[in-house]
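Residue numbers (our numbering), protein chains in the order written: chain A, 1 to 371; chain B, 1 to 644.
For the record, the hints were derived by calculation from the structure and aren't laboratory data. Computed from a predicted model, the values in this text were never measured in an experiment. Glycine included, each C-beta is placed from N, C-alpha and C at the ideal position. Hints are supplied without guarantee of correctness; some may be wrong.
With beta-carbon atoms standing in for the labels, derived distance ranges [unchecked claim]: (1) E219/B to H75/A: 41 to 47 Å; (2) K236/B to D207/A: 53 to 59 Å; (3) D134/B to E46/A: 44 to 50 Å; (4) N52/B to K183/A: 36 to 42 Å; (5) L214/A to A298/B: 28 to 34 Å; (6) H75/A to N52/B: 30 to 36 Å; (7) G18/A to Y59/B: 26 to 32 Å; (8) L190/A to L30/B: 30 to 36 Å; (9) I155/B to E46/A: 46 to 52 Å; (10) N52/B to S135/A: 54 to 60 Å; (11) E46/A to I140/B: 42 to 48 Å; (12) G345/A to I94/B: 40 to 46 Å; (13) V33/B to A133/A: 37 to 43 Å; (14) K215/B to L155/A: 41 to 47 Å.
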Amino acid sequence: MSPIDRRMLYHVNWRLVGVMAALFAIGVLNLYSASGVRLGDGVQMENFYQKQLIWGAMGLVGMLAFMVFDYRRLHSVAWPMYVLTIVLLLAVPFIGKTVLGARRWLDFGLFSFQPSELAKFTMLLLGARLLSADSEKLNLRQLATVLGLGLVPALMIIKQPDLGTGMLVLLLLGGLVLFRGVKPWLFRTLCVLVPLVMPLFWFVLKDYQKRRILAFLDPATDPLGSGYHILQSEIAVGSGRIFGKGFLGGTQSQLRFLPEKHTDFAVAVFGEEWGFFGMITILSIFCAFLYQIAVVARDAKDPYGSYLAAGVFFYFFWQILINMGMVMGLMPVVGVPLPFISYGGSATLVNFSLVGLVLNVSMRRYLFKQT
Amino acid sequence: MKNLLSASSQNVPRHGATLLQFLVLGLFCLFAVRLWYLQIHLGPVFTEKSRNNQLRIEYLFAPRGFLRDRNGELLAVNEPAFALGLVREDCEDIPATLEKVAELTGLPAERVKEIYTRNKPKVKSFEPLVLAPDLTFDTIAKVEGVSVRWPGLEILSRTRRKYNYGHLLSHVLGYVSEANEAEMQADPSLSLGDFVGKQGLENRLDARLRGQKGKRLIEVDVTGRRLSEEQQGEPKAGEEIFLSIDLGLQQLGHKVLEGKSGAVIVMDPDTGEILALVSEPSYDSNMFTSGLSSAQWAQLRDDPLHPLQNRATQSVYPPGSVFKLVVAAAGLRYGMVDPKETVNCTGEVALGNHVFRCWKHSGHGAVNFQRALVESCDTYFYKLGMKLGVDRMSEFAKASGFGSVTGITLPHEKSGLIASREWKEKRYGVRWTKGEDLNMVIGQGYTVTSPLQVARYIAAVINGGKLLKPLLIRGEQPQITGQLPLTDEQAAIVKRAMVATVEDPRGTCHRVLTPGVVVGAKTGSAQVVRLTEELRRMGDAVPYKYRDHAWMAGFGEQGSKRYVVVAMVEHGMHGASGAGPVVKAMLNALFLGKKELPPQDVAGAASPTASPAARLEAVETQFPEPPVGILSPSMDGARREGDQ
Chain A
1 MSPIDRRMLY HVNWRLVGVM AALFAIGVLN LYSASGVRLG DGVQMENFYQ KQLIWGAMGL
61 VGMLAFMVFD YRRLHSVAWP MYVLTIVLLL AVPFIGKTVL GARRWLDFGL FSFQPSELAK
121 FTMLLLGARL LSADSEKLNL RQLATVLGLG LVPALMIIKQ PDLGTGMLVL LLLGGLVLFR
181 GVKPWLFRTL CVLVPLVMPL FWFVLKDYQK RRILAFLDPA TDPLGSGYHI LQSEIAVGSG
241 RIFGKGFLGG TQSQLRFLPE KHTDFAVAVF GEEWGFFGMI TILSIFCAFL YQIAVVARDA
301 KDPYGSYLAA GVFFYFFWQI LINMGMVMGL MPVVGVPLPF ISYGGSATLV NFSLVGLVLN
361 VSMRRYLFKQ T
Chain B
1 MKNLLSASSQ NVPRHGATLL QFLVLGLFCL FAVRLWYLQI HLGPVFTEKS RNNQLRIEYL
61 FAPRGFLRDR NGELLAVNEP AFALGLVRED CEDIPATLEK VAELTGLPAE RVKEIYTRNK
121 PKVKSFEPLV LAPDLTFDTI AKVEGVSVRW PGLEILSRTR RKYNYGHLLS HVLGYVSEAN
181 EAEMQADPSL SLGDFVGKQG LENRLDARLR GQKGKRLIEV DVTGRRLSEE QQGEPKAGEE
241 IFLSIDLGLQ QLGHKVLEGK SGAVIVMDPD TGEILALVSE PSYDSNMFTS GLSSAQWAQL
301 RDDPLHPLQN RATQSVYPPG SVFKLVVAAA GLRYGMVDPK ETVNCTGEVA LGNHVFRCWK
361 HSGHGAVNFQ RALVESCDTY FYKLGMKLGV DRMSEFAKAS GFGSVTGITL PHEKSGLIAS
421 REWKEKRYGV RWTKGEDLNM VIGQGYTVTS PLQVARYIAA VINGGKLLKP LLIRGEQPQI
481 TGQLPLTDEQ AAIVKRAMVA TVEDPRGTCH RVLTPGVVVG AKTGSAQVVR LTEELRRMGD
541 AVPYKYRDHA WMAGFGEQGS KRYVVVAMVE HGMHGASGAG PVVKAMLNAL FLGKKELPPQ
601 DVAGAASPTA SPAARLEAVE TQFPEPPVGI LSPSMDGARR EGDQ
């Protein structure tokens, strides 16, 4: 079977490509605005939007790279990838680079690399492989196996400390488990148990993480400390009102009251400048994006492809939920970027590549009927 | 094709696909609702917060208007003052800096900390918090010397109100001090550290004196860096105001009353302008401008002589025989007095089983209207009181401006009281008695008046019956607030009797006779408590606080110049000797250009060696409780008029 068939191009989900392109375009435009910092008379521009464009181009290459091969080949690399990930994560505490108080990076000379980023992808592959093996609803043993496999890298990542990525790994697996479904009795038990066990995580958290959660519960306690980010973000979004302050008109961002305006809080800049209509538009595009991935998951040829697409769905879904929830004051401050909107090189590369994976699944849905 | 697809898709969990779609829908609904709440429902709130983030308002202070006397003499000005402030944002170690401030200023460390904690919530972290309001040049030099090593410390230059004659005019000018929480809430244009008038003219004319602050909108970024400025209105200086007060006269009044408690008022009877309004003891208005310590405030507030009280407008006293000028006029008004008719004074009048005594126990013999006023014969007025009754006396007194405020531009003026039948029944639930008519007619009983009300009445008697609003601002349009219910002839009769009281050697006011000036006056000595005969005879040995209040109300005329002068000396005992010298001094100054003090009367209230406060204290240690026999419980009985 040739890796690329002309017919496959007909089956590429062009809608998904379209909404993704729209999101990326909005993201770059928004980064252009978020780069402006007013100093005296003029506006000084930083070049995040240019860098983001370059990363986007590289992302496009990554996307194509993830389209050309048959996704079923990934079936066999899941376990080796898992072992590699664990080894790299183990290496981090010893030879990792410390940036901003957290030891997350491995330095390979030419490039630095976060094993935790790899962990997300690995768990997606492994989860899809394990769960697609059978269509029965999960029983306790199966559930424990999947979650146990996920918990190992997740805890290692949380300890780095990187709460956001660690949680994302678990949430991704959790999403896949729900996609397959668990036995009704097990589901009911979990509904009771999970809320009981959750508070225990409190003791795993670092002080600054605890503070963020407390500040989320009551931002007024420390408006200049941990609650500051949430408050300034809410002010930015809220003051956009119906039509926004206009492109490049955001005072919260330009006067730097809004923290992390390129990365975690980038969408707050958008909310300030484009208002309710802008936010509803971007939210709709995100929903269309997720919907298209869900359609691929539904229409995939085989369960493995379906689970791969579902995994990508949850990968994006949780990030959108956590990031936008944080920006709108519905979630504590957790360092999770918003796909395509937040600035970030490797994240952009990964996002494009994962969309490529979904396209891979969608374009091959008619293929092996004839083989 | 379709068939094939569904057949081969069997292994894809159907419910899973549905779940994903529901999650998308849920995500949309959750955020759409939240966005509506944040951006539309709370949008205005957040817009305001974003503006507060971005814009700072800087106020440009408007200088407060100067106050001058009628001749242009400066009474209240502004002077530069230097304060020590701390900008928290720039300060590296606040506790250590506070210690340093205590060391530099010599203030106790706890006090500095207390000021800091009290004001911290009111001052933004990038604005200076004033720790010491008033620095000496010495301290300024010391602070400047170390300021490099103590970032955050700032010398702030502000203006402060300065009263050139702090003690002299405190009851007229009042004072300014920093606006409190309530005032700032009531007036949004006030901000922390602004000065507002709290008392006197500073208070009543605050709006005119204060001017208008200029406003500057400053756009800042998160570090406080200024990006742009927009001027929103220039500061407008407060109005300069010329008072009707004559500084020289005021000084004289202050000097004559020094060491006593009392008030003196000089008023132009034709315009209502006040040339002097002195209340003693007084306080220094400047004490308040640089922040009064609580100990200083307690001392002022608890002073037994009440220096904060303006005795000319805020204190009311029984008018004593001064009130005879009112009831005598009422007698003429209601036709119950024939000026030619005489009454025989035997020294006492019996009513029921009570005996009302004339101050002159031997009696005045046959007295007519004029002689009754000249010698202040009580018997004549007891009989007039019986005829008039409370209703007429009350009606006339009220029509003459008693029992209601004069409307002078000073805060907290007292209205005094003119009793009536209805008032007594409502207040005490007891009927008015005949004996009370007799107390009322001689200015005792329930009647209380302020010195200013008396001045207004005297002015009306000589100006054709016009009740004028007393004016404190030069050249203000005279305001007639009422008309005496007297014909010109009737007023002239009263006026003539007042002149005779001065010119007749037997007159109670003979001592204020001033060559070349037509002077008319009437004394009064108002009982504070009822003294027994025995105690009365003690004369000067009567304890200070039980002594009668001394009144003299009069006027002087010379050509077109005429002035009303009213003096009231608390516990001055006799009208003529207690208040007379005060009136005489003012008349001398007004008409003869003499500014020196008349010789002190030996029988006067004040002995120059001991202040009233000192004597009051001496008295109180001598008589811890009112001794039995000094106070007689009865409202009627013996009384006397205190001057011959």
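Verification of the supplied hints:
| no. | hint | in the structure |
| --- | --- | --- |
| 1 | E219/B to H75/A: 41 to 47 Å | 59 Å, violated |
| 2 | K236/B to D207/A: 53 to 59 Å | 55 Å, holds |
| 3 | D134/B to E46/A: 44 to 50 Å | 49 Å, holds |
| 4 | N52/B to K183/A: 36 to 42 Å | 55 Å, violated |
| 5 | L214/A to A298/B: 28 to 34 Å | 45 Å, violated |
| 6 | H75/A to N52/B: 30 to 36 Å | 58 Å, violated |
| 7 | G18/A to Y59/B: 26 to 32 Å | 56 Å, violated |
| 8 | L190/A to L30/B: 30 to 36 Å | 22 Å, violated |
| 9 | I155/B to E46/A: 46 to 52 Å | 39 Å, violated |
| 10 | N52/B to S135/A: 54 to 60 Å | 58 Å, holds |
| 11 | E46/A to I140/B: 42 to 48 Å | 45 Å, holds |
| 12 | G345/A to I94/B: 40 to 46 Å | 42 Å, holds |
| 13 | V33/B to A133/A: 37 to 43 Å | 40 Å, holds |
| 14 | K215/B to L155/A: 41 to 47 Å | 58 Å, violated |
In this structure, the earlier hints numbered 1, 4, 5, 6, 7, 8, 9 and 14 are contradicted, and the remaining ones agree with it.
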